[in-house]
Amino acid sequence: MQQLLQQLINGITIGAFYALVALGYTMVYGVLKLINFAHGGLFMWGAYVGLTGLNVLLVLLAGGGAVAIFPTAVIVMVTIAMVGVLVERVAYRPLRSAGRLAPIISALGVAFILESLARNVYGASYKTYPTGLIPVGRVEILQGVRVSLMQAIVLIVSFLLMAALYLFVYRTRIGTAMRAVALDHEVSRLMGIDVDRIIATVFLIGPGLGGLAGMIVALYYGSFDFTLGWIFGLKAFISAILGGIGNIPGAMLGGMILGIIETLGAGYVSPQWKDVIAYVILILILIFRPTGLLGERVAEKL
Amino acid sequence: MLLLKTENLHTYYGHVHALKGISLEVEEGEIVTLLGANGAGKSTTLRTISGLVRPREGEVKFKGHVLNHVPAHRIVQMGVCHVPEGRRIFTTLTVMENLMMGAYTVKDERVVQENLQRVFDLFPRLAERKNQLGGTLSGGEQQMLTIGRALMARPSLLLLDEPSLGLAPMLVKAIFDTIREINARGTTILLVEQNARAALKIAHRAYVLETGRVVLSGPAQELMQDERVRKAYLGER
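If you read the protein sequences in the order shown, they are chains Z and X.
Here my numbering runs 947 ahead of the position in the first sequence, where the first position is 1.
Here my numbering runs 919 ahead of the position in the second sequence, where the first position is 1.
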């Protein structure tokens, strides 16, 4: 029982990473019906920008420790959000009326460019985040069930961000306009909605969250390299499909489920078999619900 | 006062020459209807006015402003609302959210509430269903929603594309009564209809389109008596 609870907490932590990144895939798919393969690259760049930001701030603050994390997180979000908007403007918008294949190829192109840039700028070796920023303390919440301070921060930050995003999309005028644009571009224009601007907003929010997730993942694991975007990006993409692509609560749910299945598989069977177990279960879920857990009728568009 | 004027509009879809010089005028306060067979260019005329497609030649003028290069979402702000064919509501948004999207260009919350009240007066059914998802409404209710949604911006010109299409006869009558009511409350209407008889009954003037050209125009009463119109569009022999 304790082991199960412990595994669940670890699983939810990983799941929160997947969910934060999956939101970017699902929001872009919602408004453009495009799989934004560049999203993993933006996520990975979040880790690198965070690394540089932390190193610079630690020097400026003369070893300020954990204080440097918050301003760095803001810098990462703003930078990656701006790159996201730029990618849409340069690589996707000119292809908006070019069918569905060309933008996907363009997205893959951007993904390769982002990855090559990272390797050329930062090198191919593993990078490590400064250690000791967050104390390694663990709290025993139940007998034998421990939550590290790092895990607690990851969970709290992720859930706050997801709750804020949910409220934004479902309770505000611009959020409602996003859902309207996802349903029908032409009618949205006839409502007076500036569709280009709404799409740009999506490319501000998705990559902003994804970039921040990149920094948090790097903080959590301590080291990473330029391939980070592929592994996490792909798993987050799978989470988005699992939850029902285009569906925001679905992306959150899909990420959590994938994280939990992986962790339970690793914990109860063996780490070498966790991917086999996780993806067998995923395939089964998709066989019974091809549109994903919370999705409606969208899967055929893939 | 002249509200809308199109001059010699030529619009293409790819290589298809859909409008071949459409010139028409709509005076403030009028109901003007566009009649014609499928493919005559009625919908394209509305789409060109609302900025969804651009004319290759000619001019759209609304209140003296040329609209040719104004983005569609700004044309809405200027007071032209287009209700496209086929009841295209936002199915997974609630009725209320649909209406709020109609009021997207209205920044003053007081005006939004006023407009909402007017729409609910006109369509009490929408008030009853305001928290339901748009997709769960019946066909007639969905048509009310598309019209109510457009009225949320309180347009000075309403473009209606086939509002009676696919509705039961009783509902068709209700929709035409409503259109007349909207007009009586001060909104100018440009109406595209297959149901020529009902459209001519409520319209002040009409234009008959054939393959992208205006072939006939005049007061609705006169056109109703015109032999060509009676044969081609009113089903008489």
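Treat the hints loosely; a few may be bogus.
Facing chain X, according to a computed beta carbon distance under 8 Å, are these residues of chain Z, among others [said to hold, decoys possible]:
#	residue
1	1066
2	1134
3	1138
4	1140
For the record, the hints were derived by calculation from the structure and aren't laboratory data.
Positions of the beta carbon are idealized from the N, C-alpha and C atoms, including for glycine.
Status of the hints after comparison with the structure:
1. 1066: violated, 41 Å
2. 1134: Cβ of residue 1134 of chain Z sits 5 Å from chain X, so the hint holds.
3. 1138: holds, 5 Å
4. 1140: Given a least distance of 5 Å, the restraint on residue 1140 of chain Z holds.
Checked against the numbered hints given earlier, the structure breaks only hint 1 and satisfies all the rest.
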